[in-house]
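Undergrad: Sequence:
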Amino acid sequence: MILDERTYAIKPAHVRDYLDLYVKEGMALQISHLGQLIGWFTTDSGVVNEVVHMWRFEDAGDRERRRAAMEADPRWQEFRAKAAPYVLEMRSRILRPTDFSPLR
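The sequence shown begins at 1 in the UniProt record's numbering and counts up by one.
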C-alpha cells in the first residue's frame, strides 16, 4: 500500500472558490478514477492557502494506471482547465507505511 499526498497552493483568498468548484465538478469524477480517498484538508497555520488531499493505492503501478486513465478522461481535462487559474503550485509525495503503522 502507498499513499499519494498532494498539496496545492491556491491563490490567496480563493481556497473556498477552489474547494467549491472541486466538490461541484471534480470530486465524484476523481473518486471514480482513483478509488480510495483518505481525505481532503486545509491548512490552519503556517502557509494557510494550501489544500492537501491523500489517496490510497495498492502500489505504484496501481497509482500510475488510475492516474493515467483519469488524465485521459476529457471530463477531467475540462475540470482541470476550470480549476487551473486558482492553483499556484502542486506538490506530490508518495508515502509508504512503516511495519507498525495502523494504516497499512
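Check each hint, because a few of them may be wrong.
To be verified - List time: in silico DSS-like cross-link candidates among lysine-lysine, alpha-carbon distance up to 27 Å:
#1 K11 - K24
#2 K82 - K11
#3 K82 - K24
Calculated directly from the structure, the hints in this document are not laboratory data.
Undergrad: Hint by hint, say whether it matches the structure.
TA: We went through each hint and held it up to the structure:
Taken as a hint, the K11 and K24 pair is honoured in the structure, with Cα atoms around 19 Å apart against an allowance of 27 Å. As the CA atoms of K82 and K11 are separated by approximately 14 Å, the hinted pair is consistent with the 27 Å bound. This hinted pair checks out: K82 and K24 have alpha carbons roughly 12 Å apart, not beyond 27 Å.
When each numbered hint is compared with the structure, no violation occurs for any of them.
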